[in-house]
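Number of protein chains: 2
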Amino acid sequence: MNERSLLEQIQSRSASLESRFPDALVVGPGDDCAVLRSPSGDLSLVGVDQLIVGRHCTPDTPVDLIARKAIARGVSDIAAMGGTPTWALAAARLPTRYPHADELFDSCAKWAEHWGCPIVGGDIATGPGELALSITVAGAPHPARGPVLRSGARAGDLVAVTGPIGDSLSTGWHLNFEPRITEARLLCDSLGPDLHAMIDISDGLGLDAHRVAYASGAVIEIDSERVPARDGSASPWRDRFSHGEDHELLVTFRPDGIPPGSLTVIGRVRAPEPDEAPGARVISLDGTIAPGSELGWDHG
Amino acid sequence: MNERSLLEQIQSRSASLESRFPDALVVGPGDDCAVLRSPSGDLSLVGVDQLIVGRHCTPDTPVDLIARKAIARGVSDIAAMGGTPTWALAAARLPTRYPHADELFDSCAKWAEHWGCPIVGGDIATGPGELALSITVAGAPHPARGPVLRSGARAGDLVAVTGPIGDSLSTGWHLNFEPRITEARLLCDSLGPDLHAMIDISDGLGLDAHRVAYASGAVIEIDSERVPARDGSASPWRDRFSHGEDHELLVTFRPDGIPPGSLTVIGRVRAPEPDEAPGARVISLDGTIAPGSELGWDHG
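Which chain is which? The protein sequence lines are A and B, in order. The working numbering puts the first residue of the first sequence at 646, with every later residue one more than the last. The working numbering puts the first residue of the second sequence at 646, with every later residue one more than the last.
Bear in mind the hints are in silico, worked out from the structure with no lab data behind them. Be aware that a few hints might be false.
Copies of the same chain look alike in the list, so a pair counts if it fits in one copy or across any two.
Computed cross-link-like contacts, SDA-like style, restricted to lysine to any residue with a CA-CA straight-line distance of at most 25 Å [unchecked claim]:
(1) Lys755 <-> Gly801
(2) Lys755 <-> Glu866
(3) Lys755 <-> Leu670
(4) Lys755 <-> Arg742
(5) Lys755 <-> Asp687
(6) Lys755 <-> Thr703
(7) Lys755 <-> Glu918
(8) Lys755 <-> Ala874
(9) Lys755 <-> Pro838
(10) Lys755 <-> Asp884
(11) Lys755 <-> Pro873
(12) Lys755 <-> Glu823
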């Protein structure tokens, strides 16, 4: 069983968690972050991501970029809920006699503070094997809009992305991407309740669009030729849509809402036909339709 | 550099973090948990711990006990601040083609809910190497007493432990320990502001007592023969004090406070003499004095 199936299976078994812990838990496993409620009613967002060298970056990646990517992935999940990062925790498994520990932790601290989520605690273990970081990031949802979930897409919505898609590996974007915190806040500010759903495009545009559609019980249709490419890339759209690590936001919103200028509309949301399953479809210029669920990458 | 020195170095560099993030951060790196403040003023506790198979337990450890230990370590850190667990996050690095993933996650979920901190999110990656779990646990401090820190010990305090110390490896206690959540709450209830300092004994009684003394700018004297041994163990006290993974609480409190019956008093707190450094000393029956800082185990 691959990581994606395993995670989906675990999430499906956690489906009743909110009803069993109604005081503290607003949204459990299955979205970019969990949503928690404090005793006084303050909402917060939390999530955890791992970065394993050799898996999520090559062993020759500079330490500062390893740290940057580890923190940025967690920050991007907070952005995907419309949130602002507030704090982080870092757990590291260091290779035996790892010579760059100081530099690694300085870089993690620097990037975490850069995005507003100081590292408030952590854990270190050493042992054989590659460097692995496990980063917990918390955030505060937008005060007016509240947490933006995957499940809010509605028939009639437009579907848009915050930036170009594809070639994140060949261009180094997967190490240098800018988490869309500011864009997410502007979307919440300007669209308010008309901003219906949002997700961090980490596992491929097709798969992540599928996740929004599935969670919303809707169909998302994407016009492949409308999806912006990075730096005039001529990669076939299937390649561009499948790799992932774009870390742009995919957004759905009311068609009469006025989105900020930085969005590119790439499709629309409709209700499923009778007997049609919810999900995303990517429609090519020649009219062929590819299911989004088959256009993802199993990063783990 | 070992893990302990590395962690101490990182913590010393994070010393000004509270002053730079005064709204959200009450206590930063260096205690059992960080203490955070929500916009409405609710305090919460968070910490992260790793469990790496081959390092923190043997590869033949039953999956349910691996999960139990991973969750219990985090819960014990919450107990050490006088808190009640509220939620958890789990990140797992699974060996390639790991056959027990379902059982592992069911067990993690079961133990987390058992101690009141449902797993609200997580991450999975597979790859070569042993199973590694990174568990974030959050909690709520005692509503009246507030978070109990390491740094509150005062000259004149009595020093006590919540249970026997030592032989955690040979007896299997390190896999089966019961985090002292209930005891911590009772201590907060009964001692209130007279409960001055608390720590989770994870790295050895001597070293953890040293940490309390050092953080408090005080000297802790422990009478070795007063420290309760597990099941009549005849292990030399040096062995019993050094291994750790006892996961009992070490507590300091006003001598006229009336502690619950389950505590065993093992020593006292005094002010350092002129030119004496803060720290813990273990005093044997024959009068020899061992520095607590040299009686710990570097678990990572």
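Status of each hint after checking the structure:
1. With identical chains, the CA atoms of Lys755 and Gly801 are never at most 25 Å apart, being 42 Å at best within one copy and 41 Å at best between copies.
2. In this assembly of identical chains, the alpha carbons of Lys755 and Glu866 never lie at most 25 Å apart, being 40 Å within a copy and 40 Å across copies at closest.
3. In the homo-oligomer, the alpha carbons of Lys755 and Leu670 lie at most 25 Å apart only across protomers (17 Å), although the nearest pairing inside one protomer, at 31 Å, exceeds that limit.
4. Proximity of Lys755 and Arg742 under a CA criterion of 25 Å is satisfied intra-copy only: 23 Å inside one chain copy versus 36 Å between copies.
5. Neither within a single protomer nor between protomers do Lys755 and Asp687 lie at most 25 Å apart by alpha-carbon distance, with minima of 27 Å and 27 Å respectively.
6. Taking CA atoms no more than 25 Å apart as the test, Lys755 paired with Thr703 passes inside one copy only; the shortest distance there is 22 Å, against 36 Å between copies.
7. With identical chains, the CA atoms of Lys755 and Glu918 are never at most 25 Å apart, being 50 Å at best within one copy and 40 Å at best between copies.
8. Taking CA atoms no more than 25 Å apart as the test, Lys755 paired with Ala874 passes in neither setting, with 31 Å inside one copy and 45 Å between copies.
9. For the identical chains of this complex, Lys755 and Pro838 are neighbours neither inside a copy (34 Å) nor across copies (37 Å), given an alpha-carbon limit of 25 Å.
10. Taking the shortest alpha-carbon separations for Lys755 and Asp884, neither the intra-copy value of 34 Å nor the inter-copy value of 40 Å comes in at or below 25 Å.
11. With identical chains, the CA atoms of Lys755 and Pro873 are never at most 25 Å apart, being 32 Å at best within one copy and 45 Å at best between copies.
12. In this assembly of identical chains, Lys755 and Glu823 lie within 25 Å of each other by CA distance solely inside one copy; the values are 15 Å within and 37 Å between copies.
Violation of the numbered hints given earlier is confined to hints 1, 2, 5, 7, 8, 9, 10, 11; the remaining hints are satisfied by the structure.
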